[in-house]
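Asker: Each chain, letter by letter, is given below.
Protein chains: 4
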Amino acid sequence: MKNSKLKTPIKKIGVLTSGGDGSGMNAAIRSVVRYASHNGLEVAGIMRGYQGLIDDDIISLSHRSVSNVINKGGTLLKTARCKEFFTREGRKKAAATVKRHGIDALVVIGGNGSYHGAHLLFSEWKVPCACIPGTIDNDIRGTDATIGSDTAVNTALDAIDKIRDTCTSMERIFVIEVMGRDCGFIAIESALGGGAEDVLVPELKFDLRKICERIKKGRLKGKISWIIIVAEGAAKAQAIAAKITKITRLETRVVVLGHIQRGGIPTAKDRILATRLGSAAVDLLLNNQYDKAAGIVNGEINVIPVREAIKKKDLKVDNFYRLINILT
Amino acid sequence: MKNSKLKTPIKKIGVLTSGGDGSGMNAAIRSVVRYASHNGLEVAGIMRGYQGLIDDDIISLSHRSVSNVINKGGTLLKTARCKEFFTREGRKKAAATVKRHGIDALVVIGGNGSYHGAHLLFSEWKVPCACIPGTIDNDIRGTDATIGSDTAVNTALDAIDKIRDTCTSMERIFVIEVMGRDCGFIAIESALGGGAEDVLVPELKFDLRKICERIKKGRLKGKISWIIIVAEGAAKAQAIAAKITKITRLETRVVVLGHIQRGGIPTAKDRILATRLGSAAVDLLLNNQYDKAAGIVNGEINVIPVREAIKKKDLKVDNFYRLINILT
Amino acid sequence: MKNSKLKTPIKKIGVLTSGGDGSGMNAAIRSVVRYASHNGLEVAGIMRGYQGLIDDDIISLSHRSVSNVINKGGTLLKTARCKEFFTREGRKKAAATVKRHGIDALVVIGGNGSYHGAHLLFSEWKVPCACIPGTIDNDIRGTDATIGSDTAVNTALDAIDKIRDTCTSMERIFVIEVMGRDCGFIAIESALGGGAEDVLVPELKFDLRKICERIKKGRLKGKISWIIIVAEGAAKAQAIAAKITKITRLETRVVVLGHIQRGGIPTAKDRILATRLGSAAVDLLLNNQYDKAAGIVNGEINVIPVREAIKKKDLKVDNFYRLINILT
Amino acid sequence: MKNSKLKTPIKKIGVLTSGGDGSGMNAAIRSVVRYASHNGLEVAGIMRGYQGLIDDDIISLSHRSVSNVINKGGTLLKTARCKEFFTREGRKKAAATVKRHGIDALVVIGGNGSYHGAHLLFSEWKVPCACIPGTIDNDIRGTDATIGSDTAVNTALDAIDKIRDTCTSMERIFVIEVMGRDCGFIAIESALGGGAEDVLVPELKFDLRKICERIKKGRLKGKISWIIIVAEGAAKAQAIAAKITKITRLETRVVVLGHIQRGGIPTAKDRILATRLGSAAVDLLLNNQYDKAAGIVNGEINVIPVREAIKKKDLKVDNFYRLINILT
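Protein chains in written order, with the working numbering: chain A, 459 to 786; chain B, 459 to 786; chain C, 459 to 786; chain D, 459 to 786.
Among the clues, some could well be false.
Since the list gives no way to pick out one identical chain from another, each pair is judged satisfied if it fits inside one copy or across any two copies.
Distance condition first, Cα-Cα at most 30 angstroms in a straight line; then the derived DSS-like pairs of lysine-lysine [said to hold, decoys possible]: (1) Lys704 / Lys470; (2) Lys694 / Lys704; (3) Lys469 / Lys679; (4) Lys704 / Lys557; (5) Lys675 / Lys771; (6) Lys694 / Lys550; (7) Lys663 / Lys541; (8) Lys769 / Lys675; (9) Lys469 / Lys701.
Everything labelled a hint here was simulated from the structure, so no lab data went into it.
Next up, chain A with everything else stripped away, as it sits in the complex (with noise of 0.2 angstroms):
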């Protein structure tokens, strides 16, 4: 923490999670209570993301809040979307409510709405703010990864190695639409990790034509099970599926894996992460440095402002899908 600017110590913080909830904010919580009361911080937990804000729902975390939960899927503070907060009189109660608390800044675990949130907070209020990525998305600037994106990959290739021993047994074709509204992150790795024959990501155009093409000529070669990933923001799995069938007239299956990317027992890496940024987080606050986001790139903790972190992320997918290509 170079640059920071000494103003005024803070004694008391706040901590929430808002947006979908990822595999590893427990964790991330955790690190921030604890990492926040070694420094001798008090720490308040706001249930329900910004809407505990504006409903005055907190409560007091310690070191004990926090035990056995580094392990624990979802959040203990609950998580949500909260339209009111993205009003300018709901963030004048959220406001409020930081003041009444004597709260001196916020921690806040989230994806890029939860981010936006924060930075109208300090804009208009001078709520101050450190933003850590909280989404299995992936989505967010200024870090290799964010907290639960490695577990939901995780997940999502548990999945496709189940569906593989029936694809393989039955020789079936099968569509698999994974998460991943403006991102083709867990596609293209659960794809490449998977062994998948095919990928479709938003960050790529795709030829349903060229593809049944393929798996044309893989039938005359003796190739008859087919695994096709499709992030959601790409396509919708039901209407690829259909539309392979009509071309091919070969059976298709649908998968569409859902909710259960989100939650479960998070991985090593993603334990890691939310408990390197989570203390990061507390860094910022201590160092008072404001408005905010810390990440990892390449093993070093990453600071930038929010509102770059907020910028559409350009996610890298040429060599991933040159390599599922090849390898098919």
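For this one, chain A is given, so just place chains B, C and D on it according to the hints.
Answerer: Relative to the frame of chain A, chains B, C and D by itself:
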């Protein structure tokens, strides 16, 4: 096998897996092959279920062929639903293949349809068969469990646990559809084991208005997250969720677990069941007991005629259903 | 509960977990608490087994106290092996605590020692108890399975699968020690399910020279990797491995699975067993059936006197042992 | 591959896995085989590492040979530690085998010893090699991670989670030994991710008296359960536990995780790493870049001379160690 009618000693058996795959089929094949070899029999592997008999797609299996498969999902012999076999002409072809290869008897691993096929093959063409239950649905008579059903329940449970993380964190109503076309086995077991708030199974009538009443009452008492398990044979999760939303005006989320329930590493129970039944099927053939199905009832091998095994199994769900409702 | 002797209706029960922990104990506690609440009873949670009765460490449990614990390993009431309780003076103290708190009856979740303690508490001080089997060893009479045993077997199996990867890749002899002081249950189930080449259990004499002969013979036929499961009650893996090396002059590796077998997410079977038995125990108390143990035999609730339940259970291992040897 | 010195085009490569196995080796073999085939190369599989070169145990590998292995632990080519190869005479034999089979270059998948062997084979006998890091220890230079290390950490973590259940329920001190002869990687990652109370690694001196002081102090504040992770290269868990008991007079329990850390289904990270590095190794050979090791640094393929890769890697553990101590 007490009352065996010793007729001609058999020398070569065939083994096939048919219908939807289930985890543990490989453990069953391993047991058939090694137990038969141990008893001096040759073993032929028939590919793709009855299709392999029609296409004459048959391989030789030895002790080594089944090394390291006991813990693999799917089936190394592949499986299929073969329409041609369900014509008399098809079965004639199949019986000719059996004869051509010098196969004296078959072990059929599969579900209801596969059992029915085996019975026809024996009735019409005198091909001796022993059947063992390989299906995740647990809808075969004469056995407490079928190969793959314990794994399917545990896989469903793992998914429910993950979804519970999000359900609790985001305070949502989730409707989760599990497999089970005619049978609520996976649904009722995973609902009780998963602590689900409600379950819809084909064995019981349900009253969606009452369920919605409970949801609304729960909400007044602060109970906001809710998981409802739906067997695919009872209703479509999507339709149930839509109606709940309509009646309660609360948001719902739907997850259809789908094909992840068939594959994956088999549980201890499925491996042991498969191993015991594989050897029991060979014992039946060694004792010239034909057209019989082996299962395990109260821990002991149980043998009934195939035509009995395929009658509708009555799953008793009342006790479990009562507990689910009391414990919510 | 047929022959119930209706005496005084009970109003408040206590629940405790005692002895070594097993996965599913939390599911059992949840069931006891909610089933009792549903029947109008108050529930006290006794911490650390009988130690909590001696130390007067008792908490109040409600429907909410047991939310989201059905899938958690360990026990929220903690557990201990309490020496003082096994003195008459200790039990006197314990009985006084029970009385002081207005507790009418106890549900005891544990193994042999815990059952014995419950029996003494009833015999000497008229504290009514109902026992349910919480132990990974599966050595309690009157039930086909104990809570935690299915999870332990599956955990052992997962470890064996992983070791098999190395065993096969590096062509080694592995001796793996699993839990089971007086009972070969985990060993024989995980050996059959894991495709182990041999197993040593307390129930059967073994001849290490014969095992070494098989290893040497196998080697001549090209079988080089070998897994031998040892129940801790049969022998020490380290000693067995040393002897095998001495006799065969082949390298061996040892893995002692140890405490990983107790914890972890409970399987479907353990959760369902725990849930059914928890409610059965409360039913016993509601029907003034005291000093009884509930189990499940052939799928149905089974009740026997506690003093019967703690007699030595005879595990039949012959069939499984024979299969292991045939299928290797 | 910029500065490639285009010499003779290669036509046939060999691939081998050597040293201790790690999960993901099969994914690496798959990638080597298919990427090479795609580029018109023939691929020979060398069995049991360098032993296969000495024994002339070589198989042909095609696209189909590596179907469905991406998610399998162990190595289909088997592996060994070959003493004879570490004599000049042994390597001469190996080089002759390479020549006899018309193999132009080798891909070596393994750890330090295997890299060293590849370097000698090139230096002495001009057998061109490309090395990729297959070892759970993560002790190879020029790469952020080695194939198998992420899986090993996650397996250790899963075991720690399970032991934590018992540790908390029974309020015990556990000393858990993980792999890592010269390197504390698995220990430090699993300790941070597992929320362990302390960790002993070869990279840092430790003071057992201080640890015992912390345990005693914690006890006064009510902290009774304690997990200490020990890298096998730092100390023996058994000895550490005995000393803690001697100093604190508290009971301790020991678990040595052992060989479960090598095998099992590879994580997404290990599969992707293996897949990328497998193709990178083939690229090196296609570009006549010999005696080089490929790794991934900061997300990009990184190539260094083999003799650099085997120098001692300095694992930085200070930050993680500090966090572990703060967050306990």
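Asker: At most 30 angstroms between alpha carbons: which applies to Lys675 and Lys771, within, between, both or neither?
Answerer: neither (36 angstroms within a copy, 44 angstroms between copies)
Asker: Tell me, please, which holds for Lys694 and Lys550 at an alpha-carbon limit of 30 angstroms: within, between, both or neither?
Answerer: neither (39 angstroms within a copy, 44 angstroms between copies)
Asker: Using 30 angstroms as the alpha carbon limit, work out where Lys469 and Lys679 are close: within a copy, between copies, both or neither.
Answerer: Intra 69 angstroms, inter 24 angstroms, cutoff 30 angstroms: inter-copy only.
Asker: For Lys704 and Lys470, with the copy left unspecified, which applies at a CA distance of at most 30 angstroms: within, between, both, or neither?
Answerer: neither (61 angstroms within a copy, 42 angstroms between copies)
Asker: If the cutoff is 30 angstroms on CA atoms, where do Lys704 and Lys557 land: within, between, both or neither? Let me know, please.
Answerer: neither (61 angstroms within a copy, 40 angstroms between copies)
Asker: Checking an output row: Lys663 and Lys541, CA cutoff 30 angstroms. Within, between, both or neither?
Answerer: neither (33 angstroms within a copy, 39 angstroms between copies)
Asker: Pop the pair Lys694 and Lys704 into one bin, within, between, both or neither, using alpha-carbon distances up to 30 angstroms.
Answerer: both (16 angstroms within a copy, 25 angstroms between copies)
Asker: From the Cα coordinates, with 30 angstroms as the cut-off, is the pair Lys469 and Lys701 best called within, between, both, or neither?
Answerer: neither (60 angstroms within a copy, 41 angstroms between copies)
Asker: Reference check for the pair Lys769 and Lys675, CA-CA at most 30 angstroms: within, between, both, or neither?
Answerer: Classified as neither: same-chain Cα gap 42 angstroms, cross-chain 43 angstroms, threshold 30 angstroms.
Checked against the numbered hints given earlier, the structure breaks hints 1, 4, 5, 6, 7, 8, 9 and satisfies all the rest.
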